Amino acid sequence: MLLAIDTSAGTSVAVVDRDGGVLAEATEFDTRRHAEVVGELIAACLDESGIAPHGLSAVVAGMGPGPFTGLRVGIAAARAFAFGAGKPCLPLVSHDAIAFERLGGLAVATGSADAAPATTGTATPLLVVTDARRREVYWSAYGGLDEAGLPVRIGAPALTRPAELDEAVSSSCGADFAEAATRTDPAATTVSAGALGMLGETLFANRRPFAADEPLYLRSPDVTVPGAPKRVS
Amino acid sequence: MSNQPLVLGIETSCDETGVGIVRGRTLLANVIASSMDEHARYGGVVPEIAARAHLEALQPALTAALAEAGVALDDLDAIAVTSGPGLAGALMVGVGAAKALALGAGKPLYAVNHLVGHVGADVLRDDGTAIELPTIALLVSGGHTSLLHVRDLLDDVELLGETIDDAAGEAFDKVARLLGLPYPGGPQIDRVAAEGDPRAIRFPRGLTLPKDLAKHRYDFSFSGLKTAVARHVEKLENAGEPVPVADVAASFREAVVDVLLTKALAACADRGVPRLLLGGGVVANARVRQVAAERCSAAGIELRIPPLSLCTDNGAMIAALGAELAARGRTPSPLGFGADSTLPVTSAQAV
Ligand SMILES: [Zn+2]
Chain A
8 MLLAIDTSAG TSVAVVDRDG GVLAEATEFD TRRHAEVVGE LIAACLDESG
58 IAPHGLSAVV AGMGPGPFTG LRVGIAAARA FAFGAGKPCL PLVSHDAIAF
108 ERLGGLAVAT GSADAAPATT GTATPLLVVT DARRREVYWS AYGGLDEAGL
158 PVRIGAPALT RPAELDEAVS SSCGADFAEA ATRTDPAATT VSAGALGMLG
208 ETLFANRRPF AADEPLYLRS PDVTVPGAPK RVS
Chain B
16 MSNQPLVLGI ETSCDETGVG IVRGRTLLAN VIASSMDEHA RYGGVVPEIA
66 ARAHLEALQP ALTAALAEAG VALDDLDAIA VTSGPGLAGA LMVGVGAAKA
116 LALGAGKPLY AVNHLVGHVG ADVLRDDGTA IELPTIALLV SGGHTSLLHV
166 RDLLDDVELL GETIDDAAGE AFDKVARLLG LPYPGGPQID RVAAEGDPRA
216 IRFPRGLTLP KDLAKHRYDF SFSGLKTAVA RHVEKLENAG EPVPVADVAA
266 SFREAVVDVL LTKALAACAD RGVPRLLLGG GVVANARVRQ VAAERCSAAG
316 IELRIPPLSL CTDNGAMIAA LGAELAARGR TPSPLGFGAD STLPVTSAQA
366 V
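Each protein sequence line maps, in turn, to chains A and B.
Note that this note's numbering numbers the first sequence so that position 107 is 114, with each residue one more than the last.
Note that this note's numbering numbers the second sequence so that position 81 is 96, with each residue one more than the last.
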């Protein structure tokens, strides 16, 4: 049983179970209200699933990539909830949850009727592209699902301008991949905490490692190193 | 819940990540992680750098505070968090974390006002003297310069005035840079001013002329002072004369201190309040404390200055307000409150 939190786009929270699938999921798509809504969404998911904090085995946190102000709120919340409940907090790459869902891994993991087992262990090139604001996008490249139904990331999360996306993907994953891959629409691609949570359950079940415990800001803080003080006279 | 509630407070409104724990009015832990060094090369607090640092510092600070207090998370009666005013992105880290911590640990949560927290810090003094109200409070730091009339710590706090441009601490940073001194400017100005003559140069006192006093009796302005210092320094440099750094620093500091205390004591007199409380990081400035002591004593006003570790931004002062709220049986804050960078000062509990 996991609580999953992701604020790399909107704010998404879920309680998932390896056998029971997504028990509760609540999402606020407004990208400027993370701190405001995160508490209510967690409370709603615990309530709906009927799971108490001590009944969870861990918390999973979407580490991005995502715009920094919002991304950080979810990570802070996931870590703090885990600390409060005395459970581990496990980091995941948010784009992996999108790929897990789009490539059919989620359907397999939740045993849903439209699950397509044929999609596991096959090559299905997918390029996850999400909005980074400031006229930039985040992207990650996936070759398909492996035998365990887990997405195979072949190009690390990166930040680029839309006009330079083709070149960036080609040079990292090859021109063939860039041409063949299905691309997600950055304006309409968000992260589902349900998918993130089930990805976590599937990693657990297969004893796979989680991601690095570092926020994927992929962008330096906005700062200006001051020059000499401006003259006033 | 007893009237000595055990409360943990989280503060992330600027560049210090503070976690404090109190039992009633007794301080048990006050852990502060500052990202000040990371801001030094930029000459001031960079909001995004501060916010990133909060995310990394929060959990270690929680662990350290619980260890310092010798209590378990389970023992807590409530959690309190700064919901504003402050830097939006920095506040959001504390607010998001505090809500999740409260839910994970199954504790009630209070959203509190940072400025009122500075006043609340005074209840934690260990000299056995209880805070007396009403009091005028002068809160001065790199982020704020505010004058309050506090009649009740929880419910009746009136903002008399605040800075209309730079905070006093910011003025110290900017003038230090002008004089080629490193960040943060307060301690540097204090250090070089020790050798200088505070009456060497008569720098302007912002918003103290009769025409300004009509509209801004209790407001502050330090931007004109900063420009006057810059102009003075440039004039000397243009003339090829050496800049008497110690005199400039001492005279600048004197102008800031003079205007801060003139306005604070005017508020005491106008409101008939014989008490002045100081708070905020600028209280670390030796000359501020000295002039405050002299003028308060001359005016027959009781001066209260909490220990420095409780004057700079910290989680203990937030916990102290949480404990007062819990002891008075206040309803915890609903979970939907936000980080409010411009939260008005009226009461201790934000929502
Ligand atoms: Zn402060």
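The set of hints was computed from the structure by calculation and includes no laboratory data.
This one's a predicted model, so the numbers in the text were calculated from it and none came from an experiment.
One or more hints might be untrue.
Label-pair ranges, simulated between beta-carbon atoms [claimed, not checked]: (1) A:39 x B:228: 37 to 43 Å; (2) A:238 x B:224: 25 to 31 Å; (3) A:194 x B:285: 54 to 60 Å; (4) A:220 x B:314: 52 to 58 Å; (5) A:220 x B:357: 30 to 36 Å; (6) A:39 x B:308: 43 to 49 Å; (7) B:256 x A:170: 51 to 57 Å; (8) A:141 x B:312: 53 to 59 Å; (9) A:141 x B:238: 29 to 35 Å.
Cβ-to-Cβ under 7 Å is the rule here; a few derived chain A residues that face chain B [what the hints assert, rightly or not]: (10) 83; (11) 216; (12) 217; (13) 221; (14) 225; (15) 226; (16) 228; (17) 236.
Cβ coordinates follow ideal geometry from the N, Cα and C atoms, glycine included.
So, going through the hints one by one against the coordinates:
Taken as a hint, the range 37 to 43 Å holds for the pair residue 39 of chain A and residue 228 of chain B, whose Cβ atoms sit roughly 40 Å apart. In this structure the supplied range 25 to 31 Å holds for residue 238 of chain A paired with residue 224 of chain B, their Cβ-Cβ distance being about 26 Å. Range check, residue 194 of chain A to residue 285 of chain B: about 57 Å between beta-carbon atoms, so the 54 to 60 Å window is met. Taking 52 to 58 Å as the suggested C-beta distance range, the pair residue 220 of chain A and residue 314 of chain B conforms, at roughly 56 Å.
One distance hint, 30 to 36 Å for the beta-carbon pair residue 220 of chain A and residue 357 of chain B, holds here, with the actual separation near 34 Å. The hint said 43 to 49 Å for the Cβ distance between residue 39 of chain A and residue 308 of chain B, and at roughly 46 Å that hint holds. The hinted window of 51 to 57 Å between residue 256 of chain B and residue 170 of chain A holds, with their beta carbons roughly 55 Å apart. With their beta carbons about 56 Å apart, residue 141 of chain A and residue 312 of chain B fall inside the hinted range of 53 to 59 Å.
Distance hint for residue 141 of chain A and residue 238 of chain B: a CB-CB separation of about 30 Å, consistent with the stated range 29 to 35 Å. For residue 83 of chain A, the interface hint holds, the least distance from its beta-carbon to any beta-carbon of chain B being 4 Å, beneath 7 Å. At its closest, the beta carbon of residue 216 of chain A sits 21 Å from a beta carbon of chain B; the interface hint therefore is violated under the 7 Å criterion. At about 17 Å, the closest approach between the beta carbon of residue 217 of chain A and any beta carbon in chain B exceeds 7 Å, and the interface hint on this residue is violated.
Contact between residue 221 of chain A and chain B, as hinted, is not supported at the beta carbon level, the nearest pair being about 9 Å apart and thus beyond 7 Å. Checking residue 225 of chain A against chain B by beta carbon gives a least distance of about 13 Å; that is not within 7 Å, so the hint is violated. Interface restraint check for residue 226 of chain A: the shortest CB-CB distance to chain B comes to about 9 Å, outside 7 Å, so the restraint is violated. Look at residue 228 of chain A: its Cβ gets to within about 4 Å of chain B, closer than 7 Å, so that hint holds up.
The closest approach between the C-beta of residue 236 of chain A and any C-beta of chain B is roughly 5 Å, which is under the 7 Å cut-off, so the hint is satisfied.
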